[in-house]
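*Asks:* Residue strings, one per chain:
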Amino acid sequence: MANGEIIAGFLAPHPPHLVYGENPPQNEPKSEGGWEQLRWAYERARKSLDELQPDVLLVHSPHWITQVGHHFLGVRHLSGKSVDPIFPNLFRYSFELEVDVELAEACCEKAAQRGLTATMMRNPKFRVDYGTITTLHMIRPQWDIPIVGISANNSPYYLTTEEGLDEMDTLGKATREAIEATGRRAVLLASNTLCHWHFHEEPDTPEDMSREHPQSYDGYKWDMRIIELLRQGKTAEVFRILPQFIDEAFAEVKSGAFTWMFAAMGYPELPGELHGYGTVIGTGNAVMEWNLVKAGLAGAAAPPPAGPSVAGAREAYAGAMR
Amino acid sequence: MTAVSAFLVPGSPLHLLRPDNPPWRPIIAGFERAARALAVSRPDAILLYSTQWIAVLDALWQARPRLTGAHVDENWHDLGDMPFDIRVDTDLAHACVKAVKAAGISSKSVDYDQFPIDSGTIVATRLLDPDGRFPLVMAANNLYHDAATTMKMAGVAAATARAQNKKVAVVGVGGLSGTVFREPIAIEQDRIAAESDDNWNRRVLRLLEKGETGQLDGRIEEYAREARVDMGFKHFAWIRGAIGGRFFGARVHGYGPAHGAGAAVIEFRL
Ligand SMILES: [Fe+2]
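Read top to bottom, the protein sequences are chains W and P. Numbering of the first sequence is given in this note's numbering, commencing with residue 169 and proceeding in unit increments. Numbering of the second sequence is given in this note's numbering, commencing with residue 5 and proceeding in unit increments.
Read the hints as simulated data drawn from the structure, not as lab findings. Fair warning: this is a prediction, and the values are worked out from it, not measured in the lab. Idealized CB from N, CA, C, for every residue including glycine. Some clues are possibly wrong.
What the hints assert, rightly or not - Which chain P residues face chain W? A few, computed with CB under 7 Å, are given here:
| no. | residue |
| --- | --- |
| 1 | Ile-109 |
| 2 | Ser-110 |
| 3 | Tyr-116 |
| 4 | Gln-118 |
| 5 | Phe-119 |
| 6 | Glu-187 |
Said to hold, decoys possible - DSSO-like, lysine-lysine: derived pairs with alpha carbons at most 30 Å apart:
| no. | chain 1 | residue 1 | chain 2 | residue 2 |
| --- | --- | --- | --- | --- |
| 7 | W | Lys-215 | W | Lys-462 |
| 8 | W | Lys-341 | W | Lys-462 |
| 9 | P | Lys-214 | W | Lys-198 |
| 10 | P | Lys-171 | P | Lys-214 |
| 11 | P | Lys-171 | P | Lys-112 |
| 12 | W | Lys-341 | W | Lys-215 |
| 13 | P | Lys-102 | W | Lys-198 |
| 14 | P | Lys-112 | W | Lys-249 |
| 15 | P | Lys-112 | W | Lys-198 |
| 16 | P | Lys-156 | P | Lys-214 |
Claimed, not checked - Stretch-level coverage of chain W by chain P, calculated; a stretch enters the list once three of its residues show a Cβ under 8 Å from a Cβ in chain P:
| no. | region |
| --- | --- |
| 17 | 291-297 |
| 18 | 328-335 |
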């Protein structure tokens, strides 16, 4: 099996507030709404993802931190209740997900071949982190597409930002090779907030949007500068100034997902589609899409044999697993 | 005296999950001695602070009466899971929230089914109090709190225990030097990753043994920076705060590596 390809990448941040605001049945706490701009942004992203009909979603999360190497979820079926340790009042979510273990193993192997420390996570009692779960819920609440979950090695924090992001570049390239070799049509999800300056106290009613605003004007201006460059497809320029952005806006992209995704896509100078921007407890969050099919950089999906698109993706997955 | 015993212990799952690995045995033996000392001190509760329970918004205090489950470490998931069964002194915990808030540090209690309990808390409670005889009061490590704030919080917690007529054992859970091996190693050959880290750790352990608080105060910042000490050694600040600043020396029950990082089991003489 070969000729797999990356068909899109999304900047898909993970504030649990968005799940809380939506009130899905899986989440225990209930809200009166809130953060609509960002939730509507995700609505647009969901629609686009549906049309893409991927076989698999790969997500890199800053909240699965592994000190020794890059880890990949490697258990076919994982379930449990994820409680956010920072916002347990907002996020207590019962999850159930399927992992594309074959692709995860290929990613792990290719990463190791490129000299990275890479490990499979095989413990069935492992609790998936809330960053992974929030991003996946926001982009695909049906949970019907298999996933690959990748941890954040703390290298950009332990080493210098540049050295750490260099590793993420290598991980991205390895991920691409694995996707190509396994024949998957894959969507990448970079689970990152932009400016990460945040409030230090939560409003009594967390969803009271009269209290929501950027924590820092300088951080906001940084976000707008980065988004504008991304909308223009000036990818090289974004990566030139990324370390400065990280330093000055305390940006969560430091944890590497954004670099991983762009490295895997080959840093295309392709205008990103901004689905929406909003702040959450003061931090800056953008939902953005780089659709490689629309740009002619990846093939369109073959029409599904029958039924809705999801069934097609499911069948392809089941076939690949056999 | 409210604090009847005080300990600084490592929170790495490695020692708990592979106690027979030769380089990790000194830590396990140290935990055994510390556990005996803790039991002998007969506290009404354990005041515990783990660097691995991370908070960002407030000072968080665990207030669920009983916490049970099996935790899988984020990094060491291949070594198995860590069952736990922890009782909480909820009266004292709620009183701490109130008192710490009154002292000007924004505080909150957490009481949620399946709230994630960090590896450090589980390792420390399993190894220091294997039979779960003593209820706990647990505070999170707020990343924005400095050592002074952490000390103040611990001091208020100890005073709150005193007001309830309770004796406490004070436990700070965290590592020493923080340079780690970033690639897999043969665990039977684990050692402190950097010689300079090892030297720093030993220097600080000697000062602790002698109770040289004056000299320590002058060097901790430098130690934290140069040896990349776990969370700036705030777990030590917790202990200092809860015992009222002074101690008369310490016994190092065990010192050794945790995948390159420094770890020690220390009992303070009060
Ligand atoms: Fe985050």
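*Asks:* State for each hint whether it applies.
*Replies:* To see whether the hints hold, each was checked on the structure:
no., hint, verdict
1, Ile-109, "violated (11 Å)"
2, Ser-110, "holds (6 Å)"
3, Tyr-116, "holds (5 Å)"
4, Gln-118, "holds (5 Å)"
5, Phe-119, "holds (5 Å)"
6, Glu-187, "holds (5 Å)"
7, Lys-215(W) with Lys-462(W), "holds (14 Å)"
8, Lys-341(W) with Lys-462(W), "holds (22 Å)"
9, Lys-214(P) with Lys-198(W), "violated (55 Å)"
10, Lys-171(P) with Lys-214(P), "holds (25 Å)"
11, Lys-171(P) with Lys-112(P), "holds (23 Å)"
12, Lys-341(W) with Lys-215(W), "holds (28 Å)"
13, Lys-102(P) with Lys-198(W), "holds (26 Å)"
14, Lys-112(P) with Lys-249(W), "holds (22 Å)"
15, Lys-112(P) with Lys-198(W), "holds (20 Å)"
16, Lys-156(P) with Lys-214(P), "holds (24 Å)"
17, 291-297, "holds (count 5)"
18, 328-335, "violated (count 0)"
Going through the hint list in order, the structure does not satisfy hints 1, 9 and 18.
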